[in-house]
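*Asks:* Residues per chain are reported as follows:
Protein chains: 2
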Amino acid sequence: MTTGVAIGLLGYGTVGSAVDRLLRDRATEIERVAGSPVEVRRALVRDVTRARSASPAAGVLTADFATVRDDPTISVVAEVMGGVEPTRGYLLELFAAGKSVVSANKQLLARHGEELFAAAERHGVQLRFEASVCAAIPVVKVLRESMIANDVSGVLGIVNGTTNFILTAMAAGQDYGAALARAQELGYAEADPTEDVNGADAAAKIAILASIAFHTRVTLDDVPFDGIERLEAIDSAIARELGYRIKLIASAERLAGGVTARVHPTLVPEGHPLAAVEGSFNAVMLRGSAIREITLAGPGAGGDETASAVIGDVMTVLGTSGTGFFTHDGYFRQVAIVPEAEVPSAFYLRLDVLDAPGVLAQIARVLADEQVSIESVIQRAAAGRAQLVVTTHPAPEGRFFAAVNGICTLGVVAGEPHVLRVLPR
Amino acid sequence: MTTGVAIGLLGYGTVGSAVDRLLRDRATEIERVAGSPVEVRRALVRDVTRARSASPAAGVLTADFATVRDDPTISVVAEVMGGVEPTRGYLLELFAAGKSVVSANKQLLARHGEELFAAAERHGVQLRFEASVCAAIPVVKVLRESMIANDVSGVLGIVNGTTNFILTAMAAGQDYGAALARAQELGYAEADPTEDVNGADAAAKIAILASIAFHTRVTLDDVPFDGIERLEAIDSAIARELGYRIKLIASAERLAGGVTARVHPTLVPEGHPLAAVEGSFNAVMLRGSAIREITLAGPGAGGDETASAVIGDVMTVLGTSGTGFFTHDGYFRQVAIVPEAEVPSAFYLRLDVLDAPGVLAQIARVLADEQVSIESVIQRAAAGRAQLVVTTHPAPEGRFFAAVNGICTLGVVAGEPHVLRVLPR
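Protein sequence lines correspond, in order, to chains A and B.
Per my numbering, the first sequence starts with residue 1, numbered consecutively.
Per my numbering, the second sequence starts with residue 426, numbered consecutively.
The following block holds chain A by itself, in its conformation from the complex:
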């Protein structure tokens, strides 16, 4: 370990150049603590001649993937180029060439994790992915390594900074459009924020976390999700009145019939560790049989933050290679995904109803017929109509939505029903 370790990069953008810079900035510590210097030997880019703000050492940049794959001095490659293709193919070729890979690519892992992990194991190399979920918040390492003595019962998180920034602004009274515009202005939201605000980004992350937590493969297709686009300022205000904050919660739970992973805007009770997570920060709560619960919080995005996680993974690959520990595919179980309709949830239901005698009784009757138990009711009159907000105790989602459909056929509701999940106090 005295000759130094060479690594390859796929991509030399914000994250890739930060990996290179941080490895140089921290060369002394890395060599002392890890036992060996580590340097970037090759970095794959589209165009080596393009002007760059960060300048790698001469000869590092290459536009030819084979130069990285076939360099015999490189044992670990960090994939920070993103995208599903050709990235997936590159990873398969790297594994076949005997190289371990560290990836920051959540969409790739959530879609093709099964194939990629199997290929890595077949070739006796590692695939690590801390940076793919919440950047530098070390949730993957903690779940896999620190919590190995735990039967994990649940993972609950705020794993998308864009939506948490918007929800924080909405909690302060802004409406959705203004909050999104502000997030874009500050760089917390992309010009096209779809993947963030519709919950797809969070869904990919919770698919990855659910897979690690339960040792079974949960893919993006297994994760129902909805986003925050239809949320109104009035829901934030009412949530607050009821003692809750609205957060986009990604959750994975072990239930009697299997596991569930999903993403929904959710009322989180004040005092819950996730209620206090503000702005673009992320937080993940891990529940285990031995540790009760651990919450990890911090910035869930950023170039240096992601690069920090990539380097931590590179070090872990180097530090565990050849020992056979923590290098196996941990997804050895086949656990059923519980059908959405059977997953129990508590709900918040806001309806615009006729302000007439008997309306509440009719609605309560429909809920009771579906065995959905009411926890609280708020009703406010406004010019012949009333705003009715019902919160329920946990019930199978299918029963609740059957009740909502039934309520909508009563002829007393105007507009769309507004539905949010509620975390238990």
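No wet-lab data here; the hints were simulated from the structure.
Don't be surprised by glycine CBs; every beta carbon is placed ideally from N, CA and C.
A portion of the hints provided could be inaccurate.
Take a look, some chain B residues computed to stay more than 12 angstroms from chain A by CB distance [unchecked claim]:
#1 Gly484
#2 Asp496
#3 Arg536
#4 Glu657
#5 Glu767
#6 Gly783
#7 Arg790
#8 Ser798
#9 Ile799
Under 7 angstroms between C-beta atoms, here's a sample of chain A residues computed to sit facing chain B [stated by the list, open to error]:
#10 Leu22
#11 Pro138
#12 Lys141
#13 Val142
#14 Glu145
#15 Ala149
#16 Ala290
#17 Arg292
#18 Leu296
#19 Gly298
#20 Asp304
#21 Ile311
#22 Gly312
#23 Thr323
#24 Gly324
#25 Phe332
Got chain A; can you put chain B on it based on the hints?
*Replies:* Okay, now just chain B, sitting in the frame of chain A:
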């Protein structure tokens, strides 16, 4: 790696028996994920004949340390017996016998870390200690492994659950004595709570964390600490009025002239991640150049929680043995400890003063003479005397305490001055 791994235990009390039980409960996962079964082969106890609630396999218990030390099948020993002697001597013998050690013993590490780490390195074995700080909250692993690409600027934490339980009760209006009694009743405080309430326990933990964070040896003797015994309910109430919570904060910071590690009851602004940590929970905030900040929170004590951390460390030892990574002594720097008097702090000062014209002006003059700048003043009259509360901007501690001494000689203050630190908003 197919024949199984044998480990030894020093101690088979609450934590030791939980390690044994959890290894058996989680045998499938550990073998699948880690690549090998792991079992307890020997456990050192004082009396093998004593009746125990947990029953180890036949032949595991021994009262003879040499049986553990000389068992050639054991490569890792978990030290969960506590105490400084003979534990220290046992560890040195184990290292010399080529065995790695995982320890949950904060007092031992904070006092004799330098000797122990040097001995482990000399013999080419590892000493890991996750369980010594905040039980299952993986702060050591995250600092050492996940944050290796970071220049760490500070560690700030609530690392003692007993005091946080008491402070939470005091924030709700209880006085110190009643809160302590309640903590003892519920098992959150020992019959003799001295080490917890006087800050010594927290000081040992922050010494360990400061050492890892700054790659320099910080021992218990380097850590000034004070506890919560003299805290009064009125301070909790005034802190709340000012928008703060009082917490026992253990902090380690890198300053211009070196590093500082200390433990003080401190006003933490509401909205700060540590302000919301309630009851017996612990939380640690890690600040680094690449990751900005990460906060880890959870139960900081408990048998299963500690055992979970011990097992995580055992796995990490097994999973990194022979690679040379993360096995070196990370304390390769000699960084000065900044003298207490030069460490800048913001302060809260509560004084019982004469309710007479000019008193505040005199006090303000003394503070100004020491170049301590006032941030806020609250004065409340009560029967010829007044309660005066001053908060200051950060100033070198020596200057502030010189000012307090000066104020006490003015002849306008009754009783002792009440001093707390204040975290910046």
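*Asks:* Would you check whether Gly298 (chain A) satisfies its interface hint, that is, whether its CB is within less than 7 angstroms of any CB in chain B?
*Replies:* Holds, about 4 angstroms.
*Asks:* Are Ala290 (chain A) and chain B close enough, Cβ to Cβ, to be under 7 angstroms, as the hint says?
*Replies:* Status holds, d = 4 angstroms.
*Asks:* Close enough to count: is the Cβ of Gly324 (chain A) nearer than 7 angstroms to one in chain B?
*Replies:* With a closest approach of 4 angstroms, the Gly324 (chain A) hint holds.
*Asks:* Under 7 angstroms, Cβ to Cβ, is where Leu22 (chain A) needs to be relative to chain B, so tell me if that hint holds or is violated.
*Replies:* Nearest chain B Cβ about 4 angstroms off; hint holds.
*Asks:* Hey, does the Lys141 (chain A) contact hint survive, CB to chain B under 7 angstroms?
*Replies:* holds, 6 angstroms
*Asks:* Holds or violated: is the Cβ of Arg292 (chain A) closer than 7 angstroms to a Cβ in chain B?
*Replies:* holds, 5 angstroms
*Asks:* Can the hint on Leu296 (chain A) be confirmed by a CB-to-CB distance to chain B that is less than 7 angstroms?
*Replies:* holds, 6 angstroms
*Asks:* Checking a non-interface call: every C-beta of chain A should be farther than 12 angstroms from the C-beta of Gly484 (chain B). Is that right?
*Replies:* holds, 23 angstroms
*Asks:* Does the claim that Ser798 (chain B) lies outside the interface with chain A hold up, using a Cβ gap greater than 12 angstroms?
*Replies:* Holds: least Cβ distance 29 angstroms, greater than 12 angstroms.
*Asks:* Can Glu145 (chain A) be said to touch chain B, with a Cβ gap under 7 angstroms?
*Replies:* holds, 6 angstroms
*Asks:* Beyond 12 angstroms from every chain A Cβ: check whether that's true for Glu657 (chain B).
*Replies:* Holds, because the least Cβ-Cβ distance between Glu657 (chain B) and chain A comes to about 26 angstroms, which exceeds 12 angstroms.
*Asks:* Was Arg790 (chain B) rightly flagged as not at the interface, with every chain A Cβ beyond 12 angstroms?
*Replies:* holds, 41 angstroms
In this structure, none of the earlier numbered hints is contradicted; all agree with it.
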